[in-house]
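Undergrad: Dock chain L against the given chain A, drawing on the hints supplied.
For reference, the chains in residue letters:
2 protein chains.
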Amino acid sequence: MTAIADDDPATVPDEPRTAVPDVHHTAVSDVQNEERPAQRNPVDPGELDVPVIVLSHRAPVAFRDEGGRRRARRGAGGLVTALVGLAGQLHDTVWVCAASTEEDVAVAREHKGSAIYVTMTGEPKLVDPETTGALQIRLVEVDRAAHEDFYGVISNPMLWFVQHGLYDLAHSPNFGQRERDAFEHGYVSVNETFADAVSHEVEERGGRALVMLHDYHFYLVADLVRQRCPDVVLSHFVHIPWPGPDAWRILPPDMRERLLFGLLGNDVVAFHTERFARNFLLCAQELLGLSINLDKMTVQIGKRTVTARTYPISIDVDALVETAGSKAVRNRLDDLEQWLVAADARLIVRVDRTDPSKNIVRGFLAFEKLLDDHPELVGKIRFLAFLQPSRLDVPEYAEYIGQIGSVVARVNARYTRHGEAPIDLRLHEDFPTAVAAYAICDVVLVNSIADGMNLVAKEAVSVSRRDAVLALSENTGAHEELGAFAVTLYPFDIQQQADGLYEALTMPAIRRRELRQAAADIVRANDVGKWLAFQLADLTEITGLWS
Amino acid sequence: MTAIADDDPATVPDEPRTAVPDVHHTAVSDVQNEERPAQRNPVDPGELDVPVIVLSHRAPVAFRDEGGRRRARRGAGGLVTALVGLAGQLHDTVWVCAASTEEDVAVAREHKGSAIYVTMTGEPKLVDPETTGALQIRLVEVDRAAHEDFYGVISNPMLWFVQHGLYDLAHSPNFGQRERDAFEHGYVSVNETFADAVSHEVEERGGRALVMLHDYHFYLVADLVRQRCPDVVLSHFVHIPWPGPDAWRILPPDMRERLLFGLLGNDVVAFHTERFARNFLLCAQELLGLSINLDKMTVQIGKRTVTARTYPISIDVDALVETAGSKAVRNRLDDLEQWLVAADARLIVRVDRTDPSKNIVRGFLAFEKLLDDHPELVGKIRFLAFLQPSRLDVPEYAEYIGQIGSVVARVNARYTRHGEAPIDLRLHEDFPTAVAAYAICDVVLVNSIADGMNLVAKEAVSVSRRDAVLALSENTGAHEELGAFAVTLYPFDIQQQADGLYEALTMPAIRRRELRQAAADIVRANDVGKWLAFQLADLTEITGLWS
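Here the protein sequences come in this chain order: A and L. Under numbering that gives the first Met the number 0, the first residue of the first sequence carries the number 0, and numbering increases by one thereafter. Under numbering that gives the first Met the number 0, the first residue of the second sequence carries the number 0, and numbering increases by one thereafter.
Don't take each hint at face value.
It does not matter which identical chain is meant; a pair holds if it fits inside one copy or across any two.
Under the rule of at most 20 Å between Cα atoms (straight-line distance), these lysine to any residue pairs were calculated in the SDA-like manner [claimed, not checked]:
#: 1; residue 1: Lys295; residue 2: Glu285
#: 2; residue 1: Lys379; residue 2: Thr415
#: 3; residue 1: Lys295; residue 2: Trp545
#: 4; residue 1: Lys326; residue 2: Gly543
#: 5; residue 1: Lys124; residue 2: Ser405
#: 6; residue 1: Lys295; residue 2: Gln284
Treat the hints as calculated values from the structure; they're not laboratory data. Note that the structure is a prediction, hence the values are computed from the model and not measured.
Excised from the complex, chain A in its bound form (with noise of 0.2 Å):
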């Protein structure tokens, strides 16, 4: 489980998590084509003659000091996954990422900050270049003040709480010269940074490359690639959602524009569902005064047109069910099956980060009001929640625990029978309980006020033995490949989700059946090789990528 070790997030950048014990990649061309438009064909990354350089903040590997000697770690995160998948396929892959840890830095400075060689069969190692099915990564050291501006400042929390809707808009936030500075000297500082290091890239391999930059932390990077190297391919896939124009207000008006323009610099600008990438447009029409076509789902800026596109990550679904068979896993599962049988109890889970985008207080409420209205429950239902504790320097992220342990105390306290309190809140990661919780949960709680894609609904579904209900928030991302068989949760209604919980509890086998079924045949047939595929199938229909 050396990838789970990891998740941890002293080390490991906040990201969207999922399973990923072992490489185990499902090929490209093995995936299907369902629940697509039949006229969009997945590419597969062997037929692609391209080099190709991707950006993300997290790496694929983080080296450790570990007594003297030097290790390396696999990330976490389906990117990953997906990434090291399309690497071992294709003749000419760069992966750049920030050095993270100290020992990083000093790998990064060995190498004069050209790239390393890593193969990440089993735990990854430093190798020659000439290794077959080696993995080229660039690691850049970034100043330490610099990036604590760019991601303690900006990224987190500021990109963040706009992009998830979290600032109480009436006391917060109040932006002076101190979120001005962060942003000129650290988010576009670092920014440039990367660009220097992706451009170098491309230059490297004759200004010829597509370029697949990652998430809010470097939404000016296409941009600065673009004027460097004119003739590069550069696509950004955003990871968060992305909200409509008035949330984009919040920011001043030269931030906001920088990074928009920073986004059109590339030629595809994607999201996990059409609701962010419209989003998008609108904020490029609105704010920028550009013209758009929402059939096309296209922006015009000055010769050049930029397309938003649509492609919903997932998970690595075999190497979860791997997991899932593990014995770490069976006797978590064994565990947890005998409390619950000699509780004669049903038991509903939630996974997250205490995250307050993730609406854990009024899941605990919600679950509080199922009990007030349906006392026969009461002693016969178990809520296990596992909550790794998440950005806890953000005043917000540590105020939001302490309500997490108000309520929770207040539920227990009225609700707790025979010993036996009825929420069991676990604030730490344990990724093999939480996956034997998901096969035997009777329901699955994603209740977020806002959610890029949330992998945990695509996790559970994939692993349920139970038929696990999906009570899942209406804005996530997996809602809208998923909303159809779940019980639809209205994140702001405290009564709904009391009432959808009873009836995701009180459904008949075998309507459970056949929405677990139908959520995790989507999930298989639409897994992380196809987000991938699909991206590249778009790219070269899009680019022609100099063909």
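TA: Showing chain L alone in chain A's frame:
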């Protein structure tokens, strides 16, 4: 100053306020057609040969028992001015509105719920139906409990908060059975009551009438009236911001869908700005799945086409100028001027209700930053803030007043010199002094988080004698018309607002004059008469009005 005294939050519902001291209505036929598309010509209501039924929550008169004597007082608001003017020119107009006072209820009962006749020149008077120029008013009595749910739970705060982006989404709202019941038995029920009253007036006129509905209290009325009176022509003016679909997802789908379908019962739905109109269509598309046309600004619902239109409301300039010349205002002006001259100080003014949407706390923070950054201004500048307490029964509003007091105390503690505090906070209505302050101030501060129009901006530039610079939030409706002639403020950026105030205070006299004159010209050219005339023109063009 009868109309002003009436603008008392305890007796009059909160609505945009404008200066309407006396009737003195600009004849619609006098207004000019500048600043408008050439193809649209305003319609002279005198040429309109159709009955008009107006619905607003607030009445154009309020009756009170004053020591055993029934007195009628004119309601405040630009709407009253515009529509009283309209009514005077049409052969048949009736205004449907809520019986707000106990005496209103008594009057309504005496007339068995049918329309009363009131003359509006000078003090309003109940008169015989035959009286020339009398306004027909139908005062509708509403069940007290239903009204409390309609007004105190749904309209304010729920719809107000959604439409102004004021919810702290991580923590509120928490909708439950209370809100569902308030919607069903309050908002829906009161809308039905008013739809009945309107339908009755339509039927009395043979089923053909032009119905003009107003504001967020009555989103459900149009559809109900249309069902009963299929030949009717309906328009609805939304006086507050209309945000994009993201914001409406705060409401559970049954509520938001019913509100939208209710509004789609109209022929025209009208807003202050293009942005609000576009957001409305995007809601119809995204939340209802309807087909929209953003070029024609229409939405298709079944066989009907609903048009979204933009008409920025304004003030009655002549009436305000008359007020500014009144003895009451001149006396206050002399006092203020003496005070400023003695202090050799310049003056910043703001006039608002204590509504969090007005962004009052950040305004004071920006003023503090201005003094921090420019010590030479300390002792040389006064900030006169007229803040009318508002909705103190809503906890967020009560807390907001406390926060205002807190920041004012700190700034005054830090920057009082020679016994003179820089901020003069007046938590009561004093329109004559506010108009005097408009006349002689250097800067008018309007930094709203969100604001449908904001008439303070229009009032101030219309009566300024010292070329006041308008410091105006980009998030006000007024900014679409006046932004080019103002210092634009970004409401979440304290530093930018401080810099904006400094820019306004240090602007060369000739530039101040140019800006003020241009803004005043726009306000005069597009005054409240034109606001109405263009609506009538579009309604005639779009529906034909049975011709």
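Undergrad: Now look at each hint and say whether the structure bears it out.
TA: Quick rundown of the hints versus the structure:
no., hint, in the structure
1, Lys295 / Glu285, "both (18 Å within a copy, 17 Å between copies)"
2, Lys379 / Thr415, "within (11 Å within a copy, 65 Å between copies)"
3, Lys295 / Trp545, "neither (22 Å within a copy, 39 Å between copies)"
4, Lys326 / Gly543, "neither (48 Å within a copy, 76 Å between copies)"
5, Lys124 / Ser405, "neither (45 Å within a copy, 59 Å between copies)"
6, Lys295 / Gln284, "both (14 Å within a copy, 16 Å between copies)"
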